[in-house]
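Starting from the known structure of chain A, fit chain B onto it as the hints suggest.
The listed protein sequences correspond, in order, to chains A and B. Just add 310 to wherever you are in the first sequence, counting from 1, and you've got the working numbering. Just add 310 to wherever you are in the second sequence, counting from 1, and you've got the working numbering.
Do not take every clue at face value.
Any copy will do: because identical chains look the same in the list, a pair fits if it lies in one copy or spans two.
[What the hints assert, rightly or not] Keeping only pairs whose Cα atoms sit at most 30 angstroms apart, straight-line, the calculated BS3-like set for lysine-lysine is:
1) Lys-322 / Lys-340
2) Lys-436 / Lys-340
3) Lys-335 / Lys-322
4) Lys-340 / Lys-448
5) Lys-335 / Lys-481
6) Lys-322 / Lys-470
Derived by calculation from the structure, the hints in this document are not laboratory data.
Number of protein chains: 2
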Amino acid sequence: MTENIVPNATIKRLPIYYRYFQFLKDEGTKKISSGELAEGIKIDSATIRRDFSYLGALGKRGYGYDVNELVDFFKKLLNQDRRTNVALVGVGNLGNALLNYNFSRTSNVRIAAAFDIDPEIVGTVKSGVPVYDMNEIKEQLELQQIDVCILTVSSNAAQKTANMLVDAGVKGILNFTPIIVNVPNNVRVHYVDLANELQTLIYFLDHDSSLDHE
Amino acid sequence: MTENIVPNATIKRLPIYYRYFQFLKDEGTKKISSGELAEGIKIDSATIRRDFSYLGALGKRGYGYDVNELVDFFKKLLNQDRRTNVALVGVGNLGNALLNYNFSRTSNVRIAAAFDIDPEIVGTVKSGVPVYDMNEIKEQLELQQIDVCILTVSSNAAQKTANMLVDAGVKGILNFTPIIVNVPNNVRVHYVDLANELQTLIYFLDHDSSLDHE
Numbered sequence: 311m312t313e314n315i316v317p318n319a320t321i322k323r324l325p326i327y328y329r330y331f332q333f334l335k336d337e338g339t340k341k342i343s344s345g346e347l348a349e350g351i352k353i354d355s356a357t358i359r360r361d362f363s364y365l366g367a368l369g370k371r372g373y374g375y376d377v378n379e380l381v382d383f384f385k386k387l388l389n390q391d392r393r394t395n396v397a398l399v400g401v402g403n404l405g406n407a408l409l410n411y412n413f414s415r416t417s418n419v420r421i422a423a424a425f426d427i428d429p430e431i432v433g434t435v436k437s438g439v440p441v442y443d444m445n446e447i448k449e450q451l452e453l454q455q456i457d458v459c460i461l462t463v464s465s466n467a468a469q470k471t472a473n474m475l476v477d478a479g480v481k482g483i484l485n486f487t488p489i490i491v492n493v494p495n496n497v498r499v500h501y502v503d504l505a506n507e508l509q510t511l512i513y514f515l516d517h518d519s520s521l522d523h524e
Numbered sequence: 311m312t313e314n315i316v317p318n319a320t321i322k323r324l325p326i327y328y329r330y331f332q333f334l335k336d337e338g339t340k341k342i343s344s345g346e347l348a349e350g351i352k353i354d355s356a357t358i359r360r361d362f363s364y365l366g367a368l369g370k371r372g373y374g375y376d377v378n379e380l381v382d383f384f385k386k387l388l389n390q391d392r393r394t395n396v397a398l399v400g401v402g403n404l405g406n407a408l409l410n411y412n413f414s415r416t417s418n419v420r421i422a423a424a425f426d427i428d429p430e431i432v433g434t435v436k437s438g439v440p441v442y443d444m445n446e447i448k449e450q451l452e453l454q455q456i457d458v459c460i461l462t463v464s465s466n467a468a469q470k471t472a473n474m475l476v477d478a479g480v481k482g483i484l485n486f487t488p489i490i491v492n493v494p495n496n497v498r499v500h501y502v503d504l505a506n507e508l509q510t511l512i513y514f515l516d517h518d519s520s521l522d523h524e
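One chain only, chain A, in its complex shape (with noise of 0.2 angstroms):
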């Protein structure tokens, strides 16, 4: 694999190729063409072809896709054959919501730890996972050797709150606060903005519908 030249988009759709042969595995299909593959995960073929180029995958010309054959080898670049924890850091209404999604149905990702400030919570079990107080994160996030943290915040702690991840040797943030973190160059930060989930959609919604497709 060229890895240098894989676009952002591609590794993008890697976990929904990986999900799909997954799901065709589970129900016992053992090969798919070409077509119905961008029919049943709604990409279209020249996309997936472009992509499955760049990867070095891995279909026959006349006979489609060994179902087993790209289970395993999405399963492998996308290091689903070890498990990886993962904090979560804020624990009000959004940060209950995600320790309680249960992110191992569908991956091999699993909230291992979370985090706050309020004593009320800090030493409680959040559906199944501990609340440590944010001052034991350096410590906790060591032991337990996690670099990835689900930031839940509020927007104004949103800062302070990265400088300490940061400071405790996290290496990726998946933020959900609609803020943008300064972080070092070698941390890398995700953004899940809900708001400009719904704001993307609705544009398209109202502009002319000959934009090319999603």
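Relative to the frame of chain A, chain B by itself:
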């Protein structure tokens, strides 16, 4: 604006631009250089220039960007001069968190109605939003002129509920379930897959950071 050629990736960044210029306006900034803009929103200058050229926006060489002008420009482009009401379907943990999530703080979108099948919560008001029975969805959406829904039901109810939304005349669905739903071509579905987001972030951390940048 030559609508037909604006790429999806650009459209997805519109809310980011809008929000940042709004933030600058709120703090009294009048103009900003393209370098400062790139730094502030963590998007590289070349991408910003390309995006703005698609949109027909709006910087003067050697001057930078006029903040007020750009707030107005993006506000109009995103229809932020009118409020959009949306509905939420499925008032579980995630649904409740989204009802509580202050979309209107950073956008002109508001959740105006929620729907569920649980008789215990139908008829209640959650975070200021009335919860209706699913049976009333067609009537309520018509009455309230809502054509965008947030889908936060459980996975096994996703397709069935999507069918009901289509039947009720919904044009856009923001789907938080990990299920790819089948809908007619005139209905647009955007996916927010939280496990995907985590997997993608972890993929980036595990692989060479010489991949092109977010």
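Results of checking the hints against the structure:
no. : hint              : verdict
1   : Lys-322 / Lys-340 : within (25 angstroms within a copy, 36 angstroms between copies)
2   : Lys-436 / Lys-340 : neither (40 angstroms within a copy, 46 angstroms between copies)
3   : Lys-335 / Lys-322 : within (22 angstroms within a copy, 33 angstroms between copies)
4   : Lys-340 / Lys-448 : neither (46 angstroms within a copy, 40 angstroms between copies)
5   : Lys-335 / Lys-481 : neither (33 angstroms within a copy, 32 angstroms between copies)
6   : Lys-322 / Lys-470 : both (28 angstroms within a copy, 27 angstroms between copies)
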